[in-house]
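S.K.: Modelling step: build the complete structure from the supplied sequences, incorporating the hints.
In order, the protein sequence lines correspond to chains U and Y. Under numbering that gives the first Met the number 0, the residue at position 278 of the first sequence is numbered 277, and the numbers go up by one with no gaps. Under numbering that gives the first Met the number 0, the residue at position 244 of the second sequence is numbered 243, and the numbers go up by one with no gaps.
I should point out that these hints are in silico values taken from the structure, not numbers from a laboratory. You may find that some hints are simply not true.
[Claimed, not checked] No more than 20 Å apart at the CA atoms, straight line, and that leaves these computed lysine to any residue pairs for SDA-like:
id, chain 1, residue 1, chain 2, residue 2
1, Y, 99, U, 464
2, Y, 213, Y, 226
3, Y, 288, U, 279
4, Y, 99, U, 46
5, Y, 288, Y, 192
6, Y, 51, Y, 257
7, Y, 288, U, 295
8, Y, 125, Y, 213
9, Y, 213, U, 368
10, Y, 99, U, 275
11, Y, 288, U, 277
12, Y, 51, Y, 269
13, Y, 99, U, 306
14, Y, 288, U, 299
15, Y, 117, Y, 250
16, Y, 288, U, 291
17, Y, 117, Y, 271
18, Y, 99, U, 270
19, Y, 99, U, 271
20, Y, 168, U, 306
21, Y, 99, U, 269
22, Y, 99, U, 280
23, Y, 250, Y, 263
24, Y, 99, U, 264
25, Y, 288, U, 294
26, Y, 99, Y, 294
Only a predicted model underlies this, so the values are computations on that prediction, with no experimental measurement involved.
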Amino acid sequence: MSVLRRIPGWGYAAVTRWFAAGALAALLAADLAVTSLHPWADLRRLLGGLLHPDFPAVEVWSVVYTIAFAILGVTLGAGAGFVLAIPFARARSVRLVCAGLRSVHELFWALLLMQVFGLSATTGILAIALPYAGICAKVYSEIMEEADLAALRVLPAGTGAVSAFVYGRLPDVAAAFRHYTLYRFECAMRSTLVLGFIGLPTMGFYLESAFRQGRYTEAGALLLVFYALIGSRRLWMRLATLPVLLVASVLALPRTVGTTHWLASLGRFVTHDIVPSPLRSGALLDPATWSRLGLWFQPILTQQILPGAVQTLVLAQVALVATALGALLLFPLASRRFAGPIGQPFGRVLLVVVRSTPEYMLAYVLLQLLGPSMLPAILALTIHNAGIVGYLMGRHADDLPYRADAPTGLNLYSYETVPRLYGQFLAYLLYRWELILRESAIFGILGVATLGFYVDAAISELRLDVAVLLIGATALLTMLVDALSRTLRRSLRLTELPIRLSEPRHGSAPNPPLRTACS
Amino acid sequence: MLRRTLNGALLAGLGSLVVSGPAGAQERAKPAFVFTGIPDQDESRLVERFGKVATYLEDKLGVPVTYIPVKSYPAAVTAFTNGQVQLAWFGGFTGVQARKASPGAQAIAQGAEDAAFKTYLIANTKTGLTKAADFPKAIAGRTFTFGSRASTSGRLMPEYFIREAFPGKTPDEVFARVGFSGDHSRTIQLVQSGAFEVGAVDYSVWDLDSKAGKVDPKEVGIIWESPPFPDYQWTVRGDVDAIYGAGFTDKLRAALVGITDPAILAPFARSKFIPVTNAAYAPIERVAKSTGLLD
Numbered sequence: 000m001s002v003l004r005r006i007p008g009w010g011y012a013a014v015t016r017w018f019a020a021g022a023l024a025a026l027l028a029a030d031l032a033v034t035s036l037h038p039w040a041d042l043r044r045l046l047g048g049l050l051h052p053d054f055p056a057v058e059v060w061s062v063v064y065t066i067a068f069a070i071l072g073v074t075l076g077a078g079a080g081f082v083l084a085i086p087f088a089r090a091r092s093v094r095l096v097c098a099g100l101r102s103v104h105e106l107f108w109a110l111l112l113m114q115v116f117g118l119s120a121t122t123g124i125l126a127i128a129l130p131y132a133g134i135c136a137k138v139y140s141e142i143m144e145e146a147d148l149a150a151l152r153v154l155p156a157g158t159g160a161v162s163a164f165v166y167g168r169l170p171d172v173a174a175a176f177r178h179y180t181l182y183r184f185e186c187a188m189r190s191t192l193v194l195g196f197i198g199l200p201t202m203g204f205y206l207e208s209a210f211r212q213g214r215y216t217e218a219g220a221l222l223l224v225f226y227a228l229i230g231s232r233r234l235w236m237r238l239a240t241l242p243v244l245l246v247a248s249v250l251a252l253p254r255t256v257g258t259t260h261w262l263a264s265l266g267r268f269v270t271h272d273i274v275p276s277p278l279r280s281g282a283l284l285d286p287a288t289w290s291r292l293g294l295w296f297q298p299i300l301t302q303q304i305l306p307g308a309v310q311t312l313v314l315a316q317v318a319l320v321a322t323a324l325g326a327l328l329l330f331p332l333a334s335r336r337f338a339g340p341i342g343q344p345f346g347r348v349l350l351v352v353v354r355s356t357p358e359y360m361l362a363y364v365l366l367q368l369l370g371p372s373m374l375p376a377i378l379a380l381t382i383h384n385a386g387i388v389g390y391l392m393g394r395h396a397d398d399l400p401y402r403a404d405a406p407t408g409l410n411l412y413s414y415e416t417v418p419r420l421y422g423q424f425l426a427y428l429l430y431r432w433e434l435i436l437r438e439s440a441i442f443g444i445l446g447v448a449t450l451g452f453y454v455d456a457a458i459s460e461l462r463l464d465v466a467v468l469l470i471g472a473t474a475l476l477t478m479l480v481d482a483l484s485r486t487l488r489r490s491l492r493l494t495e496l497p498i499r500l501s502e503p504r505h506g507s508a509p510n511p512p513l514r515t516a517c518s
Numbered sequence: 000m001l002r003r004t005l006n007g008a009l010l011a012g013l014g015s016l017v018v019s020g021p022a023g024a025q026e027r028a029k030p031a032f033v034f035t036g037i038p039d040q041d042e043s044r045l046v047e048r049f050g051k052v053a054t055y056l057e058d059k060l061g062v063p064v065t066y067i068p069v070k071s072y073p074a075a076v077t078a079f080t081n082g083q084v085q086l087a088w089f090g091g092f093t094g095v096q097a098r099k100a101s102p103g104a105q106a107i108a109q110g111a112e113d114a115a116f117k118t119y120l121i122a123n124t125k126t127g128l129t130k131a132a133d134f135p136k137a138i139a140g141r142t143f144t145f146g147s148r149a150s151t152s153g154r155l156m157p158e159y160f161i162r163e164a165f166p167g168k169t170p171d172e173v174f175a176r177v178g179f180s181g182d183h184s185r186t187i188q189l190v191q192s193g194a195f196e197v198g199a200v201d202y203s204v205w206d207l208d209s210k211a212g213k214v215d216p217k218e219v220g221i222i223w224e225s226p227p228f229p230d231y232q233w234t235v236r237g238d239v240d241a242i243y244g245a246g247f248t249d250k251l252r253a254a255l256v257g258i259t260d261p262a263i264l265a266p267f268a269r270s271k272f273i274p275v276t277n278a279a280y281a282p283i284e285r286v287a288k289s290t291g292l293l294d
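M.R.: Structural data, given as structure tokens:
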């Protein structure tokens, strides 16, 4: 990527134009049909369910498992991430492993882990822990790099490495670590909820059933309970309560129904199931085996990977630009300056609710309402991400110092606020790009013809070798977009701007570092 | 009430294993016997039928029996191949998949109706398509939904008949849009609502849903009945005799074949279960290979 350190001559306007043009072109290629005839009737029933929730129908243990999987998954993932963060900056191999871990979506991890560990707590926890280890390693390492080294320099000569780390570095980064890690729990609860859609006993299991069978009062109750959990996270998920929650989570874990011979399954999975089928039987030294491998690979490349990748990019591109428009429309709602002291809290609650809704679930519901096309997927990604970016932009808008005689309303919005926040806005969007792409690939499981569509087919046909190859291709695409996004951010000199949401807010700093969201 | 049963079933399963965890060490000989079924139709009906089967088998076999619900066809196959469940109610194709991946596994019983099962092609009445004896070639160019990707009557066989009717073409090339609804009840809903114009559905689920008043004849109707093929069956793992004692497979087969209670059979839409062997599903395996769904 060193060639691409900078793309010369690209400013905010050029990037915006290119992305918008890309989205327009993608829109022409996208399938946007509404095939359901009664979307409004269903939507009314869904809203009715939210207004008249059937709380007694909520399965309490599913709520417990949702929290327990999240807590144990993040703890394991963050622990491993912390260990990996130490060599992260120096060892290329560690960076590659972490990039690989985090570029595979939790749901793909769960689908693979299910082959070995069955429908069990192990599958649920590892599906969170593995990608989160990769993400945490990267973020922890960044936090350490940004940290002040002054304390380290004044340590007496001969101080051991461990002491130097504990006394010189940790105090400076501890607060950032804590905030980021606690924030990950919110992301993890969204992830565990979604794992229920493929059969793990979390709230998603019951939500899927309720949606599928049209029991909207139960679905409404489950959703409200979930929003309450996310909304109250800061109250019960603290450093002090963590040990108690950890022990309780371990005790509350569901025991596996039936026994899985996981060691034997793991052996078979690694040495047989995921080995490309031509290599399983043929001798490795025989050239015929390798030509058979070529014959095996070619149709997968031309009929699955390439069309799937194109559809994934099309969906992600349209959704990214729609997110941008959505965020520009929504952020005044969360800003005191625009919405006023009474409107702003409502705007914020609205955006937090939107942000708390997992996009996979949103896509699932919209697919039921609108029928199978790319439209529900675009809407789901846009609603979720515009909620996140809009919320953050609203906070930035209020932190800007304005002149006393600043204009108001539309003039302020278009001539001052948006231009001043535009760099920050692009930084957020470029950062969301990779996350939107990861999610776009996953939506294939729901029937949109992105890469996940072919993964789902391969798993249905028990062709795990093909599934793993496709997941690998998805990961590669994600990493490419991530690299391109970073190059663009560097080229636009946006790398110093905050992109994650978990950093503590330092009082009334003029430009408080915000760190955003799950990824 | 039905969802309570589902919740109850799942939790009883999870709960009983919490209890049997430490106790399991003492009574190693008899771990709970766990089974599942492919989620081919409305979940409430699955919970009803498998809940009753669990109670019945527990009584006949003398071991604790648990039903574990899954969300997809491949999840049922995986649970079987990695040993999480010992018994499963599979479709023709999922059964072939499972037995291929788990050597020693045997098909032991099928419904009396499964020896000659049928697929219905159904169409929204607005299409103007009507019932005929010959394959309705007029469905070309319409939107079409299968059931689950790994369904026998909702995917494998209809795809086979479509390829026969339109030689050299895949379903993607025959239809304007191809979808996978996930299960048969959903296929009926989607065609009835007009989301898809034509669909392929398991005839027994069609009959059950018609009886339950979920099918509106003004909106959706059968346009074609397929030739017969073998379908659903109970498949058991090869290692159950080693775990639960010699002769367990035979005992299990006898128990399933001996079900006479209409309350158990009705939610299956089967008159009784009859013994069967793996060989009965050779035609399904051939079709699966010819359509490229199996290597």
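S.K.: Of the numbered hints stated previously, which ones are contradicted by the structure, given in increasing order?
M.R.: 2, 4, 5, 13, 15
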